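Generate the whole structure from the sequences, applying the supplied hints.
Which chain is which? The protein sequence lines are B and U, in order.
The numbering used here applies: residue 26 is where the first sequence begins, and numbers increase by one.
The numbering used here applies: residue 14 is where the second sequence begins, and numbers increase by one.
These are computed hints drawn from the structure, not numbers from a lab.
Only a predicted model underlies this, so the values are computations on that prediction, with no experimental measurement involved.
There could be a bad hint or two in this list.
In the DSS-like style, the derived pairs of lysine-lysine whose C-alpha atoms are separated by at most 25 Å in a straight line are [unchecked claim]:
1. B:Lys27 <-> U:Lys34
2. U:Lys45 <-> U:Lys83
3. B:Lys175 <-> U:Lys104
4. B:Lys27 <-> U:Lys30
5. B:Lys42 <-> B:Lys128
6. B:Lys51 <-> B:Lys246
7. U:Lys43 <-> B:Lys43
8. B:Lys124 <-> U:Lys30
9. B:Lys42 <-> U:Lys37
10. B:Lys86 <-> B:Lys28
11. U:Lys104 <-> U:Lys83
12. B:Lys29 <-> U:Lys79
13. U:Lys34 <-> B:Lys28
14. U:Lys111 <-> B:Lys215
15. U:Lys32 <-> U:Lys43
16. U:Lys34 <-> B:Lys43
17. U:Lys43 <-> B:Lys27
18. B:Lys28 <-> U:Lys104
19. B:Lys43 <-> U:Lys111
20. B:Lys27 <-> U:Lys122
21. U:Lys30 <-> B:Lys207
22. U:Lys122 <-> U:Lys83
23. U:Lys43 <-> B:Lys29
24. B:Lys28 <-> U:Lys38
25. U:Lys32 <-> U:Lys122
26. B:Lys80 <-> B:Lys242
27. U:Lys45 <-> B:Lys43
28. U:Lys66 <-> U:Lys34
29. U:Lys95 <-> U:Lys74
30. U:Lys43 <-> B:Lys173
31. U:Lys30 <-> B:Lys42
32. U:Lys111 <-> U:Lys45
33. B:Lys42 <-> U:Lys111
34. U:Lys66 <-> U:Lys37
35. B:Lys28 <-> U:Lys95
36. B:Lys29 <-> U:Lys74
37. U:Lys38 <-> U:Lys122
38. B:Lys246 <-> B:Lys42
39. U:Lys104 <-> B:Lys27
40. U:Lys43 <-> U:Lys83
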Amino acid sequence: MKKKEVLVLEELLGSNKKIASEIREKLEKKGILTINILGSPGAGKTSLLENIAEKLKPDYKLGVIEGDIETERDAERIRAKGISAWQIITGGACHLEAKMVGKIFPDIPADLDFLFIENVGNLVCPASYDLGENIRCVLLSVPEGDDKPKKYPKAFTTSDCLVITKSDLLPALPFNLENAQKEALQINPKLEIFTTSALKDSGITELIDYFLSNLHKLRQKNA
Amino acid sequence: MHELSIVASLFEILEEKAKEKKAKKIISVKLKVGVLSGIVPEFLETAFNIYKKDTIAAESKLEMEKVPLKIRCQQCGTEIVKDDFVFICEKCDSRELKTLSGTELLLEKIEVEV
Chain B
26 MKKKEVLVLE ELLGSNKKIA SEIREKLEKK GILTINILGS PGAGKTSLLE NIAEKLKPDY
86 KLGVIEGDIE TERDAERIRA KGISAWQIIT GGACHLEAKM VGKIFPDIPA DLDFLFIENV
146 GNLVCPASYD LGENIRCVLL SVPEGDDKPK KYPKAFTTSD CLVITKSDLL PALPFNLENA
206 QKEALQINPK LEIFTTSALK DSGITELIDY FLSNLHKLRQ KNA
Chain U
14 MHELSIVASL FEILEEKAKE KKAKKIISVK LKVGVLSGIV PEFLETAFNI YKKDTIAAES
74 KLEMEKVPLK IRCQQCGTEI VKDDFVFICE KCDSRELKTL SGTELLLEKI EVEV
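So this is what it looks like as structure tokens:
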């Protein structure tokens, strides 16, 4: 009987990263900008997407992947707007993984402009999984409180943009907008921050402009 | 709470390595866990001990090394270990920082019986 030490040095999420990179490369080649949306349950992910879909659909073609533990409800809400939506029911899993997106991949039309992925409502686990997105967007709703960026650092450090949602509630709640922005920028100085309300339809045009400028950059790179 | 899914990926690598090295069993497993890896070491250990039953690593011991967040300032070159996740250089206030370690979730090495 002989004992032997074996040096491995492999990332445990290496296989997810590999699948994600393949997905990203294929979508980029088609000129599709992919956006992964993270946020707590009830942060307003679907409402934000409904609003974005209304604004983009006259000029752009978009698709939405909905991740939920149970039900097709979110996909139905998006389909009601006349947008293609695919529901991933994780059956208990608290996050989406690249291989789940990979399964939907053959159904995604090649002529899309935007692919939105609404992750499972959770500020922790989804942050560890690259899904092949170009932009990771984390939502923070006003009722959740302005102290969340430092409490959930991984979601905020791995994101490209922060969308503060439900800003119409600012006058009613002790949410310090300046403090939330400051804390978020301390843990991730590169974050683009947008303050929005889907209900009052404010701030979303600015967010869409950010997505459009990234779509433009992606297509310039392809040209 | 995605530790079980992480452990499933870990066992895929473990089984592959054991086969490659023609190991009879795995005695120990050493991981490097960054403070910003997004996992809870205690949950990972529990998941590992449940998952290992009836595998080649059934009698193995899991060892985890916690890796602090270390950054280098791209402006002044200062290297600091951060415990507050504030990505601003303490010396020169620059926000151009490079993360050197602390985000990894790595299978460093295993000990096998051949």
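Hint by hint, here is what the structure shows:
no. : hint                  : in the structure
1   : B:Lys27 <-> U:Lys34   : holds (12 Å)
2   : U:Lys45 <-> U:Lys83   : holds (14 Å)
3   : B:Lys175 <-> U:Lys104 : holds (21 Å)
4   : B:Lys27 <-> U:Lys30   : holds (16 Å)
5   : B:Lys42 <-> B:Lys128  : holds (16 Å)
6   : B:Lys51 <-> B:Lys246  : holds (14 Å)
7   : U:Lys43 <-> B:Lys43   : holds (23 Å)
8   : B:Lys124 <-> U:Lys30  : holds (22 Å)
9   : B:Lys42 <-> U:Lys37   : violated (30 Å)
10  : B:Lys86 <-> B:Lys28   : violated (59 Å)
11  : U:Lys104 <-> U:Lys83  : holds (15 Å)
12  : B:Lys29 <-> U:Lys79   : holds (24 Å)
13  : U:Lys34 <-> B:Lys28   : holds (11 Å)
14  : U:Lys111 <-> B:Lys215 : holds (12 Å)
15  : U:Lys32 <-> U:Lys43   : holds (18 Å)
16  : U:Lys34 <-> B:Lys43   : holds (24 Å)
17  : U:Lys43 <-> B:Lys27   : holds (19 Å)
18  : B:Lys28 <-> U:Lys104  : violated (48 Å)
19  : B:Lys43 <-> U:Lys111  : holds (23 Å)
20  : B:Lys27 <-> U:Lys122  : holds (17 Å)
21  : U:Lys30 <-> B:Lys207  : violated (46 Å)
22  : U:Lys122 <-> U:Lys83  : holds (22 Å)
23  : U:Lys43 <-> B:Lys29   : holds (14 Å)
24  : B:Lys28 <-> U:Lys38   : holds (10 Å)
25  : U:Lys32 <-> U:Lys122  : holds (15 Å)
26  : B:Lys80 <-> B:Lys242  : holds (20 Å)
27  : U:Lys45 <-> B:Lys43   : holds (20 Å)
28  : U:Lys66 <-> U:Lys34   : holds (21 Å)
29  : U:Lys95 <-> U:Lys74   : violated (30 Å)
30  : U:Lys43 <-> B:Lys173  : violated (32 Å)
31  : U:Lys30 <-> B:Lys42   : holds (19 Å)
32  : U:Lys111 <-> U:Lys45  : holds (19 Å)
33  : B:Lys42 <-> U:Lys111  : holds (20 Å)
34  : U:Lys66 <-> U:Lys37   : holds (15 Å)
35  : B:Lys28 <-> U:Lys95   : violated (38 Å)
36  : B:Lys29 <-> U:Lys74   : holds (15 Å)
37  : U:Lys38 <-> U:Lys122  : holds (14 Å)
38  : B:Lys246 <-> B:Lys42  : holds (22 Å)
39  : U:Lys104 <-> B:Lys27  : violated (51 Å)
40  : U:Lys43 <-> U:Lys83   : holds (21 Å)
Violation of the numbered hints given earlier is confined to hints 9, 10, 18, 21, 29, 30, 35 and 39; the remaining hints are satisfied by the structure.
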